[in-house]
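Chemist: The chain contents come next:
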Amino acid sequence: MVKRRLRLVNNAELTRILHGLPGVDKVGAEARAASLGTRSIKTTAKAWAIDTAIRMVDLTTLEGADTPGKVRALCAKARQPDPSDQTVPSVAAVCVYPSMVPTAAEALKGSGIHLASVATAFPSGQAPLSVKLDDTKAAVSAGADEIDMVISRGAFLAGRYLDVYDEIVEVKRACGDAHLKVILETGELATYDNVRRASWLAMLAGGDFIKTSTGKVTPAATLPVTLIMLEAVRDFLAETGRKVGVKPAGGIRTTKDAIKYLVMVNEVAGEGWLDPDWFRFGASTLLNDLLMQRHKLATGHYSGPDYFTLD
Amino acid sequence: MRLNVRKTYKLYIGGAFPRSESGRTYEVDGQNAALASRKDARDAVLAARAAFGKWSTATAYNRGQILYRAAEMLEARRSEFPAGEVDDAIDRLIWYAGWADKLAQVTGSANPVAAPYFNISSPEPSGVIAIAAPAGFLGLVNVIAPAIVSGNTCVVVTESAIEAITFAEVLATSDLPGGVVNILTGFAKEVAPWLASHDDVNGLDLTGVTDAELATELERQAADTLKRVIRPSTPKWTDDPGLGRMTAFLETKTVWHPKGV
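For the protein sequence lines, the chains are A and B, in the order given.
For the first sequence, position 205 matches number 204 in numbering that gives the first Met the number 0, and the numbering has no gaps at all.
For the second sequence, position 143 matches number 142 in numbering that gives the first Met the number 0, and the numbering has no gaps at all.
Be aware that a few hints might be false.
[Claimed, not checked] List time: in silico DSBU-like cross-link candidates among lysine-lysine, alpha-carbon distance up to 30 Å:
#1 Lys-188/B / Lys-215/A
#2 Lys-188/B / Lys-295/A
#3 Lys-255/A / Lys-38/B
#4 Lys-25/A / Lys-295/A
[Claimed, not checked] Derived CB-CB ranges, DEER-like:
#5 Glu-62/A / Val-260/B: 28 to 38 Å
#6 Ala-64/A / Pro-257/B: 25 to 35 Å
#7 Gly-68/A / Ser-21/B: 28 to 38 Å
#8 Gly-36/A / Lys-53/B: 29 to 39 Å
#9 Asn-9/A / Lys-53/B: 57 to 67 Å
#10 Tyr-306/A / Pro-111/B: 57 to 67 Å
It is worth saying that the hints were derived from the structure and are not from the lab.
Beta carbons: idealized from backbone N, C-alpha and C, even for Gly.
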C-alpha cells in the first residue's frame, strides 16, 4: 500500500486510498476524548505539564489590525513570557501574517524561537496556486522557518483530492527547508471521516505537521478531532516510518484544556509526541492562563489578569 | 395528598444557583445549605470580574433603579425574612439606591488650578470586593448595598445561608446582572484567606470576621496586593451608616482638561 502511494497519478486512486481508511466511530471517539479529559493532574505533574505546554505554544497574532509594534511586543513575550520570573521557559514559536515576518524575524534573532507564518491566502485558501506559492516564498525569504498553509476545503469536499495533494506538494517545494504545517480547518470538514482522510492526505503529500484550524472558524480545535489526528500520525508512523506533528489551534484558552490535550497526546500518540518538535498549541490567550496557573502553583495564591501583559 | 417540595439552599455565583463544587453541605437552622470551598471562591471571583465591566459602566441612575427594584422585590417577599429586620433592610436599600447618582457629586470635585485647565476629580469603583458578611440579614444588606452601588462587584462569604440565599433570589429577580453579587455560604475561616490573597480582588470588607487573629492574617494577605480593607466591627445597623462604606471602595481619578481648545 505504501509503495503504491508513492506513484500517485490520478484522483481515483487517491480517492480509493482515502476512502479505504477505516471509518471513525463518532460516539466512541467522543466518549474516549471525554474520558481522557477526566484525568486529575496535580502538583508536580501539573507543574511539569504547565511548563511543557508553555514550551509548546505557538504564540499567535493573526488580526487585520496587527502592527509592527504589536508583533514586537508579542516577540518579547515569546522570549520571556513572565518578566518577573526567569524560570518560565520560552514558547516554541511566534505565528504571524507574512507581512509581519520581517519585523518578527528581527525581534526573535538569536532566541532559538521558531518563526511561523501563515501563507497560501490564509484563512480561506481561495486564491490561485501561483499566488499561494508566491505568498509562501515571500514568507520564507523574509525569515519564516515554519509555514502554516491552509488546504482548499472546497476542492477537498468536492472530492478533488488530487488537486489538494498537488497543492500541498507544490507548497512544500516552495517552503524549501522551512517546516510545513497543513491546516485542515476541521470545522469546515463536516465529518470525522473527513478529518481522518484530510490528515492522511496532508501527510501523504509531505506535510511536517497537521493542524486543526485557522482559528477563524467555529468550532476550532476540539478534543475528538485532535484525537483522530493523533491516531492518524501514530498510524502513519507505523506504516511509513515518517513522523508527523500535530497542532490543535483555536479555542484552547485554559490550562485545564491544555492539560487535557497533553494527556491525550500521551495516551493516543505516545510519549514521543510530548515535545515541542511534535506537538504545538496554536494560541494567544492560553499563555496568560498558563502563567497564572504557574504563579498559583509557585506562590500558593490565585493570580489575576492584571499582572500579565495583554496581547 | 402531596409531598412537600423542599428547597435546597445552594450558592449564588454568576447569576446562577450551583451546588458547591465540593459537594459538601452544612446545617443551618435545620436546613441543609451548600458549603462553599476554595474552588467556589475562585469561580465566584471570575464571575465577579466578568460582571465588573458592564456594571461599572452602567449609568449611576440605572444602578440606583436596580437597587430600588431589589427593595421592591424584598417588600413583596417580606414574609420570608426575619420580621424584626426586614423593614430596616428595605429602607436601607432605598437609602443606598438614592445615593447611586449623588455619590459622584459629593465625593468628586472641580479643583482650582493655576493653569488653563479644568481639573476634575471623580470617583470610580475599585473592582471586585470580597466581603465577610456579619451574621444576620440586616447586616448582610448593609454590607452588600454600599459595595455595589458605586459600580463594584462582590463576592460575599456568610454563614447565615438561609437569609443570604433567599436574598439572592430577590437580587436574581431585580435586573441585577449575574455576577455583580456572588454569595458563598460557608465559613470565612476556610474561604476568606483565598479571597484575601487573590490577586484579582481589589477590596476586602472584614466586617463579619469575629476571630481577631484571622482578621489580622487576612489583612496581612490583603496588603500584598494593596487591597482596600474595612476592618471588623459590630455597628448598630439601624444607625445612620454614613458614606464610609461606599467611599471605602472608590478610587479617585483626576483629569486635566485644557480650557479654550
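Chemist: So, for every hint listed, does it hold in this structure?
Modeler: We went through each hint and held it up to the structure:
A threshold of 30 Å between alpha carbons decides the hint, and for Lys-188/B with Lys-215/A the separation of about 46 Å lies outside it, so the pair is violated. Straight-line distance between C-alpha atoms of Lys-188/B and Lys-295/A comes to about 20 Å, which keeps the hinted pair within the 30 Å bound. With a C-alpha separation of about 14 Å, the suggested pairing of Lys-255/A with Lys-38/B holds against the 30 Å cut-off. Under the criterion of a C-alpha separation no larger than 30 Å, the hint pairing Lys-25/A with Lys-295/A is inconsistent with the structure, at around 37 Å.
The beta-carbon spacing between Glu-62/A and Val-260/B, approximately 34 Å, falls within the hinted interval of 28 to 38 Å. Distance hint check for Ala-64/A and Pro-257/B: the Cβ-Cβ separation is about 30 Å, which falls inside the suggested range of 25 to 35 Å. At about 46 Å, the CB distance of Gly-68/A to Ser-21/B disagrees with the hint of 28 to 38 Å. One distance hint, 29 to 39 Å for the beta-carbon pair Gly-36/A and Lys-53/B, holds here, with the actual separation near 31 Å.
For Asn-9/A and Lys-53/B, the Cβ-Cβ distance of about 59 Å falls inside the hinted range of 57 to 67 Å, so the restraint holds. Evaluation of the 57 to 67 Å hint for Tyr-306/A and Pro-111/B yields a failure: the beta carbon distance comes to about 38 Å.
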